[in-house]
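Trainee: Residues per chain, in single letters:
Number of protein chains: 2
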Amino acid sequence: MSFYPIVLEMKKLLRSLDGCLDKTVAFATTKKFDVNTLLQARLAPDMFPLLRQIQATCDQAKYAAGRITGKEMPAHPDTEQTVDELRKRIASVIAYLDGFTKTDFDGAETRSVTTPRWEGKTMAASDYFVEHAMPNFFFHYTTAYAILRHNGVEVGKRDFLGPLPYRQP
Amino acid sequence: MSFYPIVLEMKKLLRSLDGCLDKTVAFATTKKFDVNTLLQARLAPDMFPLLRQIQATCDQAKYAAGRITGKEMPAHPDTEQTVDELRKRIASVIAYLDGFTKTDFDGAETRSVTTPRWEGKTMAASDYFVEHAMPNFFFHYTTAYAILRHNGVEVGKRDFLGPLPYRQP
Numbered sequence: 024m025s026f027y028p029i030v031l032e033m034k035k036l037l038r039s040l041d042g043c044l045d046k047t048v049a050f051a052t053t054k055k056f057d058v059n060t061l062l063q064a065r066l067a068p069d070m071f072p073l074l075r076q077i078q079a080t081c082d083q084a085k086y087a088a089g090r091i092t093g094k095e096m097p098a099h100p101d102t103e104q105t106v107d108e109l110r111k112r113i114a115s116v117i118a119y120l121d122g123f124t125k126t127d128f129d130g131a132e133t134r135s136v137t138t139p140r141w142e143g144k145t146m147a148a149s150d151y152f153v154e155h156a157m158p159n160f161f162f163h164y165t166t167a168y169a170i171l172r173h174n175g176v177e178v179g180k181r182d183f184l185g186p187l188p189y190r191q192p
Numbered sequence: 024m025s026f027y028p029i030v031l032e033m034k035k036l037l038r039s040l041d042g043c044l045d046k047t048v049a050f051a052t053t054k055k056f057d058v059n060t061l062l063q064a065r066l067a068p069d070m071f072p073l074l075r076q077i078q079a080t081c082d083q084a085k086y087a088a089g090r091i092t093g094k095e096m097p098a099h100p101d102t103e104q105t106v107d108e109l110r111k112r113i114a115s116v117i118a119y120l121d122g123f124t125k126t127d128f129d130g131a132e133t134r135s136v137t138t139p140r141w142e143g144k145t146m147a148a149s150d151y152f153v154e155h156a157m158p159n160f161f162f163h164y165t166t167a168y169a170i171l172r173h174n175g176v177e178v179g180k181r182d183f184l185g186p187l188p189y190r191q192p
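Which chain is which? The protein sequence lines are A and B, in order. Note that the first sequence covers residues 24 to 192 in our numbering. Note that the second sequence covers residues 24 to 192 in our numbering.
Chain A on its own, in the form it takes in the complex (with noise of 0.2 Å):
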């Protein structure tokens, strides 16, 4: 199996994410407020801020396609304090990603993965994908949204999804 379309599809919703914080710039103007105050935002005392939930979603999509091709990836050291620098952080990630072919991810099902937190564990790249990496995505994504969503940004679904390549009857 192939994963490079799941990979076109998280740069797809890194786009869609880059157009939801893009309406959240245009509600802290509308609303007067500055709109990096929104990054500290929470569903939960102890879950992740809007800032590391967006940070965390462009781990994970250059995680599944670097690790699982083994391609070298760029150092995202979670410097960000403001939306400007979240969205290039996403431009970033959005480059890298451009630079894969689906002959990129030829043999995946023979590659393993590891990662400096698992203690010398390994997982088959295959798996990693599946079970890990893009979970984690979506997860971060939606949670990101969610938190948008919660303050009264007015973003929808067609928002979260971007365009669907639909066919004319």
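Don't read these hints as lab results, they were simulated from the structure. Quick caveat: nothing in here was measured; it's all calculated off a predicted structure. Hints may be right or wrong, so weigh each one.
The list cannot tell twin chains apart, which means a pair is met if one copy fits it or any two copies do.
Subject to a maximum C-alpha distance of 25 Å in a straight line, what follows is the list of computed DMTMM-like cross-link-like pairs (lysine to aspartate or glutamate) [stated by the list, open to error]:
hint, residue 1, residue 2
1, Lys-144, Asp-182
2, Lys-125, Asp-150
3, Lys-35, Glu-95
4, Lys-34, Asp-150
5, Lys-34, Glu-132
6, Lys-180, Asp-101
7, Lys-34, Glu-177
8, Lys-34, Asp-101
9, Lys-35, Asp-150
10, Lys-35, Asp-45
Given chain A, work out where chain B should sit, using these hints.
Mentor: Just chain B now, with coordinates in the frame of chain A:
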């Protein structure tokens, strides 16, 4: 590309959702409230409440497998009012997904999908899976989880992801 591994992941996450509801029942018992009151909780007044998020999670998993393979789908008329009834629905979709094998997903690239709401429009089955059913599944599952977290239920990322297939060093 075969979507079977991702359908297996959805099945696993439906079990995780059921596990989260188990913890929700325990939380309600400890706090001495009727667990079913939580089913009306929402993150925003114009978002679906927990009840509908769980129904939609079930539906998207069912649609993902059923629509791209063309296999008949069980009817679920959205009559659930209690956590017990929702858990039965989750179990029913898990049982439905148990009936699929890898070969059922062969040829999904050439199939086409439509739904009653699309007014005659169609989508390539593989596009439908990757750009519609899969992100919608994760959207509703994560939002259900977020509503639980927002209301103090003690679930965490491990409950969300379920067991991971680590290999020991």
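Trainee: State for each hint whether it applies.
Mentor: Structure-based check of each hint:
Only between protomers do Lys-144 and Asp-182 lie at most 25 Å apart by alpha-carbon distance; the minimum there is 20 Å, versus 38 Å within a single protomer. When the C-alpha separation of Lys-125 and Asp-150 is checked against a cutoff of 25 Å, the pair qualifies both within a copy, at 19 Å, and between copies, at 16 Å. Taking the shortest alpha-carbon separations for Lys-35 and Glu-95, only the intra-copy value of 21 Å comes in at or below 25 Å, while the best inter-copy value is 31 Å. When the C-alpha separation of Lys-34 and Asp-150 is checked against a cutoff of 25 Å, the pair qualifies both within a copy, at 20 Å, and between copies, at 15 Å.
Taking the shortest Cα distances, Lys-34 and Glu-132 sit within 25 Å of each other both inside one copy (22 Å) and across copies (21 Å). Taking identical chains as interchangeable, the C-alpha atoms of Lys-180 and Asp-101 lie at most 25 Å apart only when they sit on different chains, with a minimum of 21 Å there against 28 Å within one chain. For the identical chains of this complex, Lys-34 and Glu-177 are intra-copy neighbours only, at 22 Å inside a copy versus 32 Å across copies, given an alpha-carbon limit of 25 Å. With identical chains, the CA atoms of Lys-34 and Asp-101 are at most 25 Å apart within one copy only, with a shortest distance of 20 Å there and 34 Å across copies.
For a Cα distance limit of 25 Å, the shortest separation of Lys-35 from Asp-150 qualifies both inside one copy, at 22 Å, and across copies, at 13 Å. For the homomeric pair Lys-35 and Asp-45, the shortest alpha-carbon distance inside one copy (15 Å) is at most 25 Å, but the shortest distance between copies (35 Å) is not.
Consistency note: the structure conflicts with none of the earlier hints.
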